[in-house]
Amino acid sequence: MKKKIGANIYLIAVFIILYAPIFYLMIYSFNSGGAMHDFKGFTLEWYKEVFHDTRLIVIVLNTLVIALLSSAIATIFGVLGALAIANARSRRTKNMLLTLNNVLIVSPDVIIGASFLILYTLIGIKLGFTSVLISHIAFSIPIVVLMVLPKLQEMSPTLIDAARDLGATRRDVLTRVVLPFISPGILAGFFMALTYSLDDFAVTFFVTGNGFSTLSVEIYSRARQGISLSINALSTLIFLFTIILVIGYYFINRKSVRPNGVGMRQ
Amino acid sequence: MQNRTRNIYLIPYALWIVLFVVAPILLILYYSFFDIDGHFGLVNYEKFFTPVYFKMALSSFWYAFLITAICLVISYPTAYLLTKTKHKQLWLLLIILPTWINLLLKAYAFLGIFGTYGFANAVLGLFGIGPKQILFTDFSFLFVSVYIFIPFMILPIFNALEELNPSLTDASRDLGASPWTTFRRVIFPLTIDGVKSGCQAVFIPALSLFMLTRLIAGNRVITLGTAIEEHFLVTQDWGMGSTVAVFLILIMALIMIVTGIRR
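Going line by line, the protein sequences match chains A and B. Numbering follows this note's numbering, in which position 223 of the first sequence is assigned residue number 223; successive positions increment by one, without gaps. In this note's numbering, each residue's number is its place in the second sequence (first place is 1) plus 266.
Bear in mind the hints are in silico, worked out from the structure with no lab data behind them. Values in this document were obtained by computation on a predicted structure and should not be read as measured data. No residue lacks a Cβ here, since even glycine has one placed at the ideal position from N, Cα and C. Don't take each hint at face value.
Claimed, not checked - DSSO-like, lysine-lysine: derived pairs with alpha carbons at most 30 Å apart:
#, chain 1, residue 1, chain 2, residue 2
1, B, Lys398, A, Lys40
2, A, Lys40, B, Lys462
3, A, Lys3, B, Lys462
4, A, Lys4, B, Lys354
5, B, Lys462, B, Lys354
6, A, Lys3, B, Lys398
7, B, Lys352, A, Lys4
8, A, Lys4, B, Lys321
9, B, Lys372, B, Lys398
Claimed, not checked - Now the in silico label distances, taken between C-beta atoms and shown as ranges:
#, chain 1, residue 1, chain 2, residue 2, range
10, A, Ile17, B, Phe320, 14 to 24 Å
11, B, Ser433, A, Lys4, 15 to 25 Å
12, A, Arg170, B, Arg439, 52 to 62 Å
13, B, Ile277, A, Leu245, 30 to 40 Å
With the hints as constraints, model all of the structure from the sequences given.
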């Protein structure tokens with residue numbers, strides 16, 4: 001019994017440490033004192049400031065446009081990639097493709113960012129919206145592949161044979177049999193790509209150049225200048241948005257398989 | 267017939283692999299041979315082994331090692347106790363939830379907590395210790411890093427513990443092993459894979475996350491990631507930055523071989 005109490009205290013302490021900073025941040029977004037200490041009184045002033053900051057609103061819109069566009073395009077490429085891997089004839093090709101696929105997932109963000117910066121400079125892509133969009137598509141593709149592939153492997157090949165025997169063309173097999181079957185995986189892949197894109201800082205920071213900014217880059221440059229409670233207000237809003245996304249994700253995920261460990265982002 | 271379909275799927279995907287996986291790595295390697303004036307040679311590699319860079323690399327390693335070790339010490343018991351709770355999936359979800367919140371925001375929160383008048387100093391004040399400089403020290407860097415990486419250590423260990431057959435621990439106890447022996451000889455060896463993937467998930471980012479050192483550690487701690495960012499975006503010495511990146515890639519490959527590729 002005594003042991004049990006000790007165990008509970010330990011767990012509670014871990015949870016407190018995990019959540020305290022987040023709540024600390026949120027509580028002070030209502031502080032009229034203007035600093036992240038000495039809570040003076042309740043105010044919504046910082047939220048007003050966030051909503052009146054047109055530059056910030058443009059940046060939020062940029063971030064959303066990049067996230068939606070990049071994850072939509074990455075989903076298309078990712079589904080094609082998963083099909084390519086699933087249809088690979090030899091085991092060796094399959095493994096090689098999978099290894100290459102996972103390189104960008106395990107690579108540190110600084111390396112992805114730095115190498116993409118070299119790439120764009122060499123090809124002559126101007127840093128800004130295009131370079132950020134292309135980067136987000138590029139690093140989201142492997143995640144989509146990993147989400148779709150288990151669904152494809154789960155699918156019984158007899159389904160395709162049956163469709164063929166019944167006279168379906170190859171196009172029909174793809175659009176009427178395969179795609180509907182793997183659609184939960186596609187949805188989960190799109191969703192993961194969306195969160196990866198929204199969450200990314202390091203890669204964007206490298207390839208963004210001047211003049212174009214996403215939310216995380218903006219938060220970084222503001223945080224480097226010190227504390228301003230409008231960042232707290234913004235964080236609280238992002239936090240709420242994240243919670244909604246997570247709930248949405250787990251709702252989608254109930255129906256699809258999730259490979260281990262991909263559900264987290266650094 | 268089958269062959270032709272496969273090729274159609276493969277074309278865009280292979281294009282992506284060539285352009286965004288293979289080419290960037292080769293470009294990093296290629297650039298690492300050019301010094302700041304554009305001369306081809308091994309100058310950057312020689313520079314990497316001079317005391318300045320070598321010390322930086324070693325200290326980056328040391329910090330990453332400390333962060334991983336502290337994370338492991340905190341996370342293993344947490345994961346173990348989590349498997350004993352009633353609604354463990356819910357608790358696990360609560361552990362994972364903070365990882366969905368942008369890392370910058372969590373680091374920013376600590377700017378307030380560790381600030382001169384922040385919560386940490388207020389607590390110290392209660393014990394009669396005057397305000398201390400906590401922010402921009404090694405301690406704050408270690409603390410915030412551990413804070414951020416803990417969930418990434420807990421999850422794989424939790425999964426490994428869940429896969430462990432409980433009859434094995436029962437058998438060990440029936441045969442007279444003490445709880446400590448059971449842990450040391452049965453539980454830990456059987457969950458070592460989870461520990462390995464946890465260490466892999468913590469060590470590599472701990473070497474490379476530059477925003478943490480910038481925001482929390484001031485310029486006191488320079489990791490390999492900070493060095494790469496500095497060379498690419500501040501001093502514009504892409505060659506040297508690439509050289510550091512090549513080493514980071516090599517270390518990453520080494521760690522993945524040591525801890526076993528499980529992804």
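Taking the hints in turn, this is what the structure says about them:
Our distance criterion of 30 Å between C-alpha atoms is met by B/Lys398 and A/Lys40, whose separation comes to about 23 Å. Proposed proximity of A/Lys40 and B/Lys462 is contradicted: the alpha carbons are some 47 Å apart, above 30 Å. Distance restraint check for A/Lys3 and B/Lys462: the Cα-Cα separation of roughly 28 Å lies within the 30 Å cut-off, and the hinted pair is therefore satisfied. For the hint linking A/Lys4 to B/Lys354, the alpha-carbon distance of about 16 Å falls within 30 Å, and the restraint holds.
Of the supplied pair hints, the one linking B/Lys462 and B/Lys354 holds, its CA atoms being roughly 22 Å apart against a limit of 30 Å. Distance check on the hinted pair: A/Lys3 and B/Lys398 sit about 36 Å apart at the alpha-carbon level, beyond 30 Å; violated. Proximity of B/Lys352 to A/Lys4 is assessed by CA-CA distance (about 13 Å); at most 30 Å being required, the pair is judged to hold. Between A/Lys4 and B/Lys321 the CA atoms are separated by roughly 46 Å; this puts the pair beyond 30 Å, and the hint is violated.
A hinted pair counts as satisfied when its Cα atoms are at most 30 Å apart, and B/Lys372 with B/Lys398 qualifies at roughly 21 Å. Checked against the hint of 14 to 24 Å, the pair A/Ile17 and B/Phe320 fails, with Cβ atoms roughly 35 Å apart. In this structure, B/Ser433 and A/Lys4 meet the distance hint of 15 to 25 Å, their C-beta atoms being roughly 22 Å apart. In this structure the hint that A/Arg170 and B/Arg439 lie 52 to 62 Å apart at CB holds, the actual value being about 59 Å.
As the Cβ distance of B/Ile277 to A/Leu245 is approximately 33 Å, the hint placing it in 30 to 40 Å holds.
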